[in-house]
Each structure stands twice: as C-alpha cells, then as structure tokens.
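Asker: Protein chains in written order, with the numbering used here: chain A, 2 to 273; chain B, 24 to 305.
Since the hints were derived computationally from the structure, they do not count as laboratory data.
One thing to keep in mind: the hints can contain errors.
[As the list claims (entries may be wrong)] Partner residues are not named here, just some residues of chain A that face chain B (Cβ under 7 Å, in silico):
{"no.": "1", "residue": "Val163"}
{"no.": "2", "residue": "Thr170"}
{"no.": "3", "residue": "Arg176"}
{"no.": "4", "residue": "Phe179"}
[To be verified] A few chain A residues that don't get close to chain B, going by computed Cβ distances all over 12 Å:
{"no.": "5", "residue": "Ile15"}
{"no.": "6", "residue": "Gln21"}
{"no.": "7", "residue": "Arg22"}
{"no.": "8", "residue": "Gly24"}
{"no.": "9", "residue": "Leu49"}
{"no.": "10", "residue": "Lys55"}
{"no.": "11", "residue": "Thr76"}
{"no.": "12", "residue": "Met164"}
{"no.": "13", "residue": "Ala172"}
{"no.": "14", "residue": "Ser173"}
{"no.": "15", "residue": "Lys180"}
{"no.": "16", "residue": "Pro188"}
Since the model is a prediction, treat every value here as computed from it, not as a measurement.
All residues carry an ideal CB built from backbone N, CA and C; glycine is no exception.
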Amino acid sequence: MSGAGASRPLPARILTGLQQRIGMIAAFLMLFLLWEFAVKLFGIKEYLLPPPSKIWSEFLKRQNVVMAGAWTTLTEILGGYVLAVAISIPLAMAIAYSRFVETTIYPVIVFLQIIPKIAIAPLFIIWFGFGLFPKLLIVFLLCFFPVVVSSVAGFKSVDPDVMDFARSTGASPARMFFKIRLPQALPEIFTGLKIGAALSATAAVVAEFVASDRGLGYLLQQYNGQLETPMVFAIIVLLSAIGLAIYYLVEFIERLVIPWHVSQRPTEMTGL
Amino acid sequence: MARPVAAMSDSASSKLAEPDTPRPAAGVPVEISGVAHVFRRAGMETRALERIDLSVRAGEFVAVVGPSGCGKSTLLKIIAGLLAPAAGQVEIAGRCVAGPHTDLGIVFQSPVLLDWRTILDNVLVQIDLRGGRPAAYRDRARALLAKVGLGEFENRMPRELSGGMRQRTAIVRALIHDPPLLMMDEPFGALDALTREQMRIDLEKLWRERGQTTFFITHGISEAVALADRVIVMTPRPGRIERIIEIDLPRPRHKEVVTSRRFAEYCDEITECFMRHGVIQY
Ligand SMILES: Nc1ncnc2c1ncn2[C@@H]1O[C@H](COP(=O)(O)OP(=O)(O)OP(=O)(O)O)[C@@H](O)[C@H]1O
Ligand SMILES: [Mg+2]
Numbered sequence: 002m003s004g005a006g007a008s009r010p011l012p013a014r015i016l017t018g019l020q021q022r023i024g025m026i027a028a029f030l031m032l033f034l035l036w037e038f039a040v041k042l043f044g045i046k047e048y049l050l051p052p053p054s055k056i057w058s059e060f061l062k063r064q065n066v067v068m069a070g071a072w073t074t075l076t077e078i079l080g081g082y083v084l085a086v087a088i089s090i091p092l093a094m095a096i097a098y099s100r101f102v103e104t105t106i107y108p109v110i111v112f113l114q115i116i117p118k119i120a121i122a123p124l125f126i127i128w129f130g131f132g133l134f135p136k137l138l139i140v141f142l143l144c145f146f147p148v149v150v151s152s153v154a155g156f157k158s159v160d161p162d163v164m165d166f167a168r169s170t171g172a173s174p175a176r177m178f179f180k181i182r183l184p185q186a187l188p189e190i191f192t193g194l195k196i197g198a199a200l201s202a203t204a205a206v207v208a209e210f211v212a213s214d215r216g217l218g219y220l221l222q223q224y225n226g227q228l229e230t231p232m233v234f235a236i237i238v239l240l241s242a243i244g245l246a247i248y249y250l251v252e253f254i255e256r257l258v259i260p261w262h263v264s265q266r267p268t269e270m271t272g273l
Numbered sequence: 024m025a026r027p028v029a030a031m032s033d034s035a036s037s038k039l040a041e042p043d044t045p046r047p048a049a050g051v052p053v054e055i056s057g058v059a060h061v062f063r064r065a066g067m068e069t070r071a072l073e074r075i076d077l078s079v080r081a082g083e084f085v086a087v088v089g090p091s092g093c094g095k096s097t098l099l100k101i102i103a104g105l106l107a108p109a110a111g112q113v114e115i116a117g118r119c120v121a122g123p124h125t126d127l128g129i130v131f132q133s134p135v136l137l138d139w140r141t142i143l144d145n146v147l148v149q150i151d152l153r154g155g156r157p158a159a160y161r162d163r164a165r166a167l168l169a170k171v172g173l174g175e176f177e178n179r180m181p182r183e184l185s186g187g188m189r190q191r192t193a194i195v196r197a198l199i200h201d202p203p204l205l206m207m208d209e210p211f212g213a214l215d216a217l218t219r220e221q222m223r224i225d226l227e228k229l230w231r232e233r234g235q236t237t238f239f240i241t242h243g244i245s246e247a248v249a250l251a252d253r254v255i256v257m258t259p260r261p262g263r264i265e266r267i268i269e270i271d272l273p274r275p276r277h278k279e280v281v282t283s284r285r286f287a288e289y290c291d292e293i294t295e296c297f298m299r300h301g302v303i304q305y
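Extracted from the complex, chain A is given alone in its bound form:
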C-alpha cells in the first residue's frame, strides 16, 4: 500500500514543504523584528514586555533550570497521554461492540465529560499528594474524552454496504475487525488523538499550577511572582514548542499509518 504523495523523493518533498512555508517564516521574522524595535523605540519597561533578544539571553543564562523543568513536564505530558490512549481505544472498542457497555458505561462517560476537568485538579492534590501521579491523572483526564468519543464514532461509522459485503464472505470476527472495522475507524481515531495531543501540554501546566515544586508550570508561576517577565516569555515559547512537537509527532504517525486518508484531505496545514 502506498499513497500517491509518497512517490516523490523525500528531499524534494521537504523542499516544496519549505517553499510553502516561506511566507509564514518571513512573517514571523518580521513580527520579531517589529517587536524588538517597538520595545526599544517606545521605551517599554522590561517587566511589561521584554524584547525577543532579552528573552533569548535570559533563557540561555538559566537554561539548566528550565530544561530540567521541561523534562519534568514532558514526562507528565507523555505519561498521561500514553495512558489515555492505552485505555481509551480498547474502551471505545468495547463501547462500539457491546450493547451492554454502550448502554451502561458510555452514558456515564458522556456525563462525566461535562465536568470541567480542571476544576477537579485541586481534589487530586488532596487525594494523591504532590508527586507525579496527580499530574499524570489530569493529563490523562483531559486527553481521555476526545479520544474515546472519536474512536467510538470511528468504530461505529462502518458503511452498512461494506458490512454487508464482508458478511457475504463469511469472514471470521477477527478478520472482520482487522481488515474492515479497524482500518475504517483509524481516520476518526486519529482526529481524537490529535485533539488529545493538543490538550496534553495545557493539562500538564494547569496541573503544575495547582500544586507542584518542579516543572515548567511551576517555574512559570515562580518567575511571574518575581516579575521576571523575560523568563515567563521564554517558558511560554518553550511550552508552545513542546505542544507543537507532540501534535506534529502524532500527525507524522498518522501519515505513516493511514496514507490513503491523509493524502485525500484537502488542506495540509491543519490548525491546532
């Protein structure tokens, strides 16, 4: 199996990818330049809006602390996300294939989804203390619902005619699943995985805001309290980069797993 887009050599594809993004890169550069000069020109105070150059130099000065924090946060994000994926996809299968699970557990899940997950965060501190576990749990909670909901939709969205065809071959349940239902569900599953990925970084930072003594969220609060605005900016940029990297990692996997679907999507640059 190979998608149409995969036939061109890789360097050529990266090059055209860059060409398509050249406008965007230029726009960002312009923005940073304007920012730098505007701050100098109007004499804006550093604790209000530091220039990009200052953000960079402050970051370099404390990069050890920041990178250690980033590592902590990344662990929480990936741990919670992987946990969410590992639990929600099998659960979605159970919901899609068992009337019993669908009528008992699924309504509860749909109901729980309405609770503002972040509001539960303080409770987790009471229950589970300060460590890694409550943070994993919050990331898990935020990623879990979108993945479950879209995977259920995916597993249920089988074309009845395709099912009729498959049944007319007398295919065993296992073949039916691996050759028809799973491939057909994958596009929607990936939609959920990407929504989850986009939420995961936010979830980890919020968890750290509530209570922690390490991680980027913790550092953000510390620097903010001390009015060290350049560091606040540095951490925000770093967090965005982590979020983006995770999102694109999932999208990259999507390209490998379901090339037939990715290449028929109209636009490539999907917004977060």
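Put chain B with the ligands on the given structure of chain A with help from the hints.
Answerer: What follows is chain B with the ligands alone, placed relative to chain A:
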C-alpha cells in the same frame, strides 16, 4: 437484528478452491417462496415486498426490472441472507437460507470498495476475508481486471478512479472466487453507455463459460432483455411480480439479435406493463 450463526460457518469453513482446480459445473437453483418484507422505522411502516414466489433454475440468468423503490435491492439482500424477510423463505441449492449465504458473489448498487486498498487488493479482499491465499488468485485477478479495461489501474487507489471504473472493480471482486451464484444490483448503473454495452457483452460471455446462476437487477429494459433467460417485471411499491417473460432469443445475443424485431417486441411488452401501472406515462 440477531441472526443464526450456524449457516455462516458452513460454507466459510469449506475450503476455498485454488483458482486452477476445476469446479463442478457451476450454478445452483434458487427457490423463493412467499417472501414479503416490511421495514419498520420510528413507527413508520414501509411495505417493501409482497409475496414473492419464484424458482430460478441452476445456471439460469434472471433479470429483474421494476420502478425505483419497488424493493429490488431488498429482495436481493433477502436472497443473499443479509436481511431476514418478514415472511417466507429462500432456499439455495436446496438449503434454507438463515444468515448470510457465503457461496456467492455480490455486486452492490454502489461499488463499496475499501479506501485503503489498491484496486488489485480490493479484488483480492474477497479471498482474504474468506481465509484463502490471495497470492494464489493474483494472476486471475490481474487477468479479470485487464478484461474489464483496468489493467493499468491495478495499483491505483479507489479514489483515483472514476465511478464506472470503481464499479467494474466491484464486478471483478464478485467474480474472482468463481461463485455458483452471482447477484448484481444495477451493476452497470454508473457506467457510460459504451462501457455498459461492452460490459453487457462480457458478462454474457463469462456467464456462458461458467454457467453460474445469475440474478441481475436493472432499470434498463433492453439490458434485461438482452441478458436474461427470463425477465421478472415488478410492480411499484409494495413490490410484487407483475409478469415473468421468457426471453426466447438465440445466444450469444449479438448485434443482429438485439436489433431484431423480436427483441423490440419483448421490450415493448415490458414497457406496456409499466405504462399500465403509470410508471411510464406519455
Ligand atoms: N433500511 C431501510 N429502512 C427503511 N426503509 C427502507 C430501507 N431500505 C429500503 N427501504 C424502503 O423499502 C423500499 C424498497 O427499497 P429498495 O432499496 O429495495 O428499492 P429498489 O427497488 O432497489 O429501488 P432502486 O431501483 O431505486 O434502487 C423503498 O421504499 C425504501 O424506502
Ligand atoms: Mg436498489
């Protein structure tokens, strides 16, 4: 809709013959008795079929024509065991259908291909799902694809093909395992007139070689007459059999046959049936 599972396993477990082993002369008799169907949805009742009785001889080519919505597709699904009828029963090769009948090939009204497989793999999925060895059928699949003009497209994805090409793929998929019963639901509906004519000629040839019992649904009156041993004319919904017309024309149905007077008279007879029911008005 719960269905008995027993009937599913019996033909699935019977080993799929490798393509070159000759099968005993193809074609099974089909006996439809008192089949009726009602769809119930949200309190609404749609009477789709009303008492269908029909016996199809082994190896016979039967065409069904009828106005849109008269229950032709419903009848096909009931015969194939994909839908349990509200009343009546179907016997294939002397055995009562209860659950999907698997010793057949079906072409649905839309191509229903799998987006993630190439054209060749979409044909071979028939073998794959039956637990056979797709590799053993590769050459046969290629030959059949070439025969319907898709030789160069075997490695393309379905979305890269036109609607007619996809439908031709679906036809090959229904033939690849050389089934004794072929059920086709308006298989040429999406084809252009020229391809349609060619496919009609090819189908007759294939059928004459193998002699599989063929159940062919169509909107085309002349197509039905050109292909069938018997044409079943159905009434508007709820569908009943209005007339059964024996087509006594020589085969193969070459150009001389389909332009003959007798051919035109058969077509007229069917058209008049429809006019009586107000399906066709002048
Ligand atoms: N799943 C369903 N639920 C409810 N009603 C249905 C269903 N399938 C078909 N019907 C109804 O049953 C009737 C017969 O449908 P069917 O698809 O068998 O018609 P048809 O003869 O194949 O028509 P066409 O030539 O347009 O394909 C129609 O009136 C349709 O509305
Ligand atoms: Mg139909």
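Asker: Against chain B, does Ser173(A) hold up as non-interface, every C-beta pair farther apart than 12 Å?
Answerer: Ser173(A) not clear of chain B: closest Cβ-Cβ about 7 Å, inside 12 Å.
Asker: Decide, holds or violated, for the assertion that all CB atoms of chain B are farther than 12 Å from the CB of Lys180(A).
Answerer: violated (6 Å)
Asker: Beyond 12 Å on every Cβ pair: is that true for Met164(A) relative to chain B?
Answerer: Check fails; 9 Å does not lie beyond 12 Å.
Asker: Would the non-interface assignment of Gln21(A) survive a Cβ cutoff of 12 Å against chain B?
Answerer: holds (23 Å)
Asker: Is the nearest Cβ of chain B still more than 12 Å from the Cβ of Ala172(A)?
Answerer: The claim is violated: Ala172(A) sits with its nearest Cβ about 4 Å from chain B, within 12 Å.
Asker: Beyond 12 Å from chain B, beta-carbon-wise, is Leu49(A)?
Answerer: holds (53 Å)
Asker: Grab the minimum beta-carbon distance between Ile15(A) and chain B and tell me whether it stays above 12 Å.
Answerer: Per Cβ check, Ile15(A) is outside 12 Å of chain B; nearest 24 Å; holds.
Asker: Answer holds if the nearest beta-carbon of chain B is closer than 7 Å to that of Arg176(A); otherwise answer violated.
Answerer: holds (6 Å)
Asker: Just double-check Lys55(A) for me: nearest Cβ-Cβ distance to chain B has to come out over 12 Å.
Answerer: For Lys55(A), whose nearest Cβ neighbour in chain B is about 51 Å away, the distance exceeds 12 Å, so it holds.
Asker: Hint validation: Phe179(A) versus chain B, beta carbon distance must be below 7 Å. Holds or violated?
Answerer: violated (10 Å)
Asker: Mind verifying the non-interface call on Arg22(A)? Its CB should be farther than 12 Å from each CB in chain B.
Answerer: Per Cβ check, Arg22(A) is outside 12 Å of chain B; nearest 27 Å; holds.
Asker: At a threshold of 7 Å, is the proposed contact between Val163(A) and chain B supported by beta-carbon distances?
Answerer: holds (5 Å)
When held up to the earlier numbered hints, the structure conflicts with 4, 12, 13, 14, 15 and 16 and fits the remainder.
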